Amino acid sequence: MRDSKISTKFNAKVVQFAILLTVFFALYFFVEPSENNLLWRLPPLIAGLPFLINDFVSYLMYDFMPVEIYDADIDDYEKSPLIKEITRSISSAVLFCIQFVREILVGGVKTIVSFTSWDFVSENKWAYWPGLPWTFVCSATMLLGYSLQGVRLACLSGLATLYIAIFGQWEPAMQTVSLVLIAAPVSFLIGLSFGVLAYKSSTAEGVLAPLLNVAQTMPQFSYLVPAMVFFGVGDHAGAIATIIFATPPMIRLTLLGLKKVPPEVIESGLMSGCSDLQLMFRVLIPTARRDILIGVNQVIMQCLAMAVIASFIGAKGLGFNLLLALNSLKVGKALELGICIVLIAVVLDKLSLAWANKQVDYFSKMDFVSRHSYKLILIGLLLIWSIIAYLGSFFAQDGFNYLYMIPHNKGITTEHFWQAGVDWILDTFFFGLKAFSDFLIINVLVPMKTAYLGMPVVATFVLVMGVGYLIGGFKSAIIVGGFLAFIALTEWWDRALITAYMTTFGVMISAIIGITVGSLCAQSQFASKSILLVCDTFQTFPSFIYLIPVIMLFGVTDTSVLTAVIVYATIPATRYTVEGLRSVPESLHDAASMSGVTKLQRWMKIELPLAFPHIMLGVNQTIVFALFMVIIGALIGTDDLGQYILKALSDKNGIGNGLSLGLCVAFIGLAADHLIRTWAEKKKRELRL
Amino acid sequence: MGWGKVVSDWAEILIMEDKMKIGILRRCVILLAVFFVSLTSLVNVAKADSSEPIVIPTHNWSSQVVMAYVIGGIFESMGNNVEYVPADTQAVYEAIRNGDVTISHEVWQSTFGKSFYTAMAKGGIIDAGTHEAMTLEEVGVPQWVIDQDLCPGLPNWEALKNCKDVFATADSGGKGRILEGPQSWHGQEYPDRVEALLGDDWVVKFAGSADALWAELASAKKEGRGTITFNWTPNFTDADGFAFIEWPPYYPGCRKQDGGDSKCGSPKGWLKKAANYKFPKTHPAAYTAFSQMSFNAGQIGSMAKLVDIEGLSHQDAAKKWLADNEAVWKPFTKAGM
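Here the protein sequences come in this chain order: A and B.
Heads up: the first sequence begins at 1 in this note's numbering, then just goes up one per residue.
Heads up: the second sequence begins at 1 in this note's numbering, then just goes up one per residue.
Hints were generated in silico from the structure; no laboratory data involved.
Any given hint might turn out to be false.
Claimed, not checked - Derived EDC-like pairs (lysine to aspartate or glutamate); straight-line CA-CA distance at most 16 Å:
#, chain 1, residue 1, chain 2, residue 2
1, B, Lys221, A, Glu78
2, B, Lys122, A, Asp63
3, B, Lys175, A, Asp438
4, B, Lys221, B, Asp316
5, A, Lys125, B, Glu76
6, B, Lys175, B, Asp147
7, B, Lys305, B, Asp201
8, A, Lys110, B, Glu83
9, B, Lys221, A, Asp423
10, B, Lys222, A, Glu78
11, B, Lys305, B, Asp316
12, A, Lys434, B, Glu76
13, B, Lys278, A, Asp438
14, B, Lys222, A, Asp423
Unchecked claim - Only some residues are given here: those of chain B computed to face chain A with a beta carbon under 10 Å:
#, residue
15, Pro53
16, Pro57
17, Pro86
18, Gln90
19, Val92
20, Asn162
21, Val166
22, Ser184
23, Phe206
24, Ala215
Quick caveat, the model's predicted, so the values are computed rather than measured.
Note that beta-carbon positions come from the ideal geometry of N, C-alpha and C, so glycine has one too.
Kindly generate the complete structure, drawing on both the sequences and the hints.
Right, here's the structure in full:
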């Protein structure tokens, strides 16, 4: 009885979809493509939005509330707007912090300058802060790893720092580390406080939710122009852009973790007489620790993912060198730098996790030496390595003291090995790849692009809103329609269609590959673990790395961009499939085997449906990843929204364009996100999960 | 400056509160302003002297980065402090105007001239003289396309009318393709020109970055296929030979955005130097030397070669160049004395 009900419902859905498609194609073929036809393209009614934003920002930054500032450089008073003075003060405070950490690591004079003056430093050559010897930093990280977790973490951190040092990337790596060491804790604190705020007040949650949605789907490039206009060019601007980008996941995960805290725990806290603050810091946050720690992991990953992008607005370090290497097509060098970034991410992540998980031992009674043993060893190490570094300076050749600091690009390099590998692949497969690319472009990509561009605006609306209605009812139709309307009323609708075409293609292929590979790997414990590790590694690589090999293989074509998109966007599809399938209870497997199903049947009828909601979340992530990569693909050469966002970086009024274009991209992502999430929720309810 | 100033600022505000009956909102705003301004003066306690570092921008091509270190080295030899900051090529003019960056030593006429003059019109940036090197930014073909005579009559532009097939690619729909730099470099200039002169048989595709151009040159060479890409001189590609298309000559006003018909090529351009307007006041000696600095195409090429061909790091290349060419740069430093 129930079965037949479900199947009639199912049939009804199929019929509805068929009707929707018929209407869509009817509109597609019968709407006349002309500029004046409202059904073909909407007029750009909000094309003025970027100018409004520009005017507002330039008023704020250049005219609002001028204050008199004494400028010692030219010995005169200057009028300077209040907001500019405020943002510049924030900038110099952030810059001071970054430089302070940086100079502890690699030495310098700027911290001393902040308390004295450049004159003082120029006249007194002794006023120079010597950086720590790399040997010390290396062994200190090892010691830290050991004290927090044990031998394994010690080995990992030791090897990673050693790698960075002997490959001659010490200085840029420490520049990046100093930026991350400031940006990550700030993101963490802001994220935690906003998360707590959203937990405490539902108004705050209501305000934050849409902001977070948009912030997480805006391409990273869109943050650069505002950061530059408000905070100037330099490490501070890079750090601030990084903080803006890395905070949203932290807020979200904090809120998620706090909400999951069972009421019993809160009540027991209240019964023990906790004050509000005590309840938060002694009960709620420790209980929500798992999700908050995932947040910390996300913050660190995002910070390093921004390392390259932040170098567009003046952040020094590995990211800038990577960009330079890519610009001169030195793939080997770029790969080496990319590995350094991954290593820093992994070490910081593991160390912070171990630190957060460490239990304080309140009960053991220890004497002074054993309580402070690590600190004592640390001081000992510092002394020993400093003396060695000092002795080394007597043997230094050409002023390079390798025991103190391995100078940039003077280490060993495996560049030639990687380069040779890339060259070999190019020489061997070049013509095959070329033929493949030409075939793909002529037979698939160009027709698909033309088809997307030939879509009348009314047909797009009917299709997307119709799907919304069928999945989530009237409300969903209105929501996705709203997102679409914003894009359709800007002057970038055609660009958005091209972005949509590339994203659709990328997502389809990625999802197929990801779900297939994920399903195969989920069959065994070992394969699952290995593939998850591969996913982790690929996800930490800065997305730029993927661009260069594909340009070399396929040239400046859409094939290049799409290959990079597919490689990058397959990661979440694979990961979520593996996780989803592995979480299907073992007892169900046994039950299925006893009913005599084959492996394929079990996969089709039991595992896949049960894991379906989780897999759909993976597809959701795939869409976001694909969108980001399509936008970054602008660096290869595309004609979609990304190219315009890139252009906004150098426009004199780029802030309005950059933000509006970013919103367009975000809304494409959010519309897809809404549809998939609603569908997955519905499935979940049907499965009673 | 320092704590004393901050304390007196706060005292002033408190006294003012007593004397005047100003609105609470306004008072808050003023307090906030003073707080942040004091913060600034605390963080930048040191100012007012020429030992402040000169901030030199580095962009994403080799000769520019090496020259940044070369100029930095010259400043350092004069006893100045120098700092390098990575910056976007177009955004840098706004940064110089605001004082975040002190100088720019490679302002290319046709690519950056507009941004430079826009910033100049807003105030805050000054012209610090011109390099000896002339620049040309134009589309062209690698020398071997001419040598193998793939399209007879090149580099004259009229030859292109008859060989669109040589330059067609998979995604160009049978038309000849010209690969331009990113759209942010010249906007609609090339599409306008191509439409005006060559008509419908040609398309312009925008590459996303300089590396995309070099990759295209490398792969075209491998395939032995003809390609037209945007390029410039002085550049490292000069070593292998590169022939720029000879379009009808440029005259002022010929471009569409200036009211013309776009039937003209790019002008031979200048390579200028720019500086923040405070630079002559804060670093008089360094400014004089900077305004005297002039490199020619050969010198710029030799800087790029040390990195692109000989594989030195940018800093090392600059050091080597400075050591080998003392005769060239020493006179700049003596100009003001």
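Results of checking the hints against the structure:
Distance restraint check for lysine 221 of chain B and glutamate 78 of chain A: the Cα-Cα separation of roughly 57 Å exceeds the 16 Å cut-off, and the hinted pair is therefore not satisfied. A distance of roughly 13 Å separates the Cα atoms of lysine 122 of chain B and aspartate 63 of chain A; the hinted pair therefore holds under the 16 Å criterion. For the hint pairing lysine 175 of chain B with aspartate 438 of chain A, the CA-to-CA distance comes to about 15 Å; that is within 16 Å, so the pair holds. The suggested pairing of lysine 221 of chain B with aspartate 316 of chain B is violated, with an alpha-carbon distance near 31 Å, which exceeds 16 Å.
Among the hinted pairs, lysine 125 of chain A with glutamate 76 of chain B is consistent with the structure: their alpha-carbon atoms are about 14 Å apart, no more than 16 Å. About 23 Å separates the Cα atoms of lysine 175 of chain B and aspartate 147 of chain B, which puts this hinted pair outside 16 Å; it is violated. Annotation: proposed proximity of lysine 305 of chain B to aspartate 201 of chain B is violated, straight-line Cα distance about 38 Å (limit 16 Å). Under the criterion of a C-alpha separation no larger than 16 Å, the hint pairing lysine 110 of chain A with glutamate 83 of chain B is consistent with the structure, at around 11 Å.
Pair hint lysine 221 of chain B plus aspartate 423 of chain A holds up; C-alpha atoms about 14 Å apart against a cutoff of 16 Å. With a C-alpha separation of about 59 Å, the suggested pair lysine 222 of chain B and glutamate 78 of chain A falls outside the 16 Å cut-off, and the hint is violated. A distance of roughly 12 Å separates the Cα atoms of lysine 305 of chain B and aspartate 316 of chain B; the hinted pair therefore holds under the 16 Å criterion. Taking the CA atoms of lysine 434 of chain A and glutamate 76 of chain B, the gap is about 50 Å. The hint is violated against a cut of 16 Å.
Using a Cα cut-off of 16 Å, the hinted pair lysine 278 of chain B and aspartate 438 of chain A is violated, with the two alpha carbons roughly 55 Å apart. Between lysine 222 of chain B and aspartate 423 of chain A the CA atoms are separated by roughly 12 Å; this keeps the pair inside 16 Å, and the hint holds. Hint on proline 53 of chain B holds. Least Cβ distance to chain A is approximately 7 Å, under the 10 Å limit. Interface hint at proline 57 of chain B: satisfied, since its Cβ lies 8 Å from the closest Cβ of chain A, which is below the 10 Å cut-off.
This hint holds: proline 86 of chain B has a C-beta 5 Å from the nearest C-beta of chain A, less than the 10 Å allowed. For glutamine 90 of chain B, the interface hint holds, the least distance from its beta-carbon to any beta-carbon of chain A being 3 Å, beneath 10 Å. A distance limit of 10 Å between C-beta atoms decides the matter here; for valine 92 of chain B the minimum to chain A is near 8 Å, and the interface restraint holds. Using the Cβ-Cβ criterion of 10 Å, the hint placing asparagine 162 of chain B at the interface with chain A is not satisfied: the shortest such distance is roughly 24 Å.
At a threshold of 10 Å, the smallest CB-CB gap from valine 166 of chain B to chain A is about 16 Å, leaving the interface hint violated. Of the supplied interface hints, the one on serine 184 of chain B holds, with its beta-carbon coming within about 4 Å of a beta-carbon of chain A, less than 10 Å. Hint on phenylalanine 206 of chain B holds. Least Cβ distance to chain A is approximately 6 Å, under the 10 Å limit. Using the Cβ-Cβ criterion of 10 Å, the hint placing alanine 215 of chain B at the interface with chain A is satisfied: the shortest such distance is roughly 4 Å.
Figure legend: structure checked against the earlier numbered hints; hints not met, in rising order: 1, 4, 6, 7, 10, 12, 13, 20 and 21.
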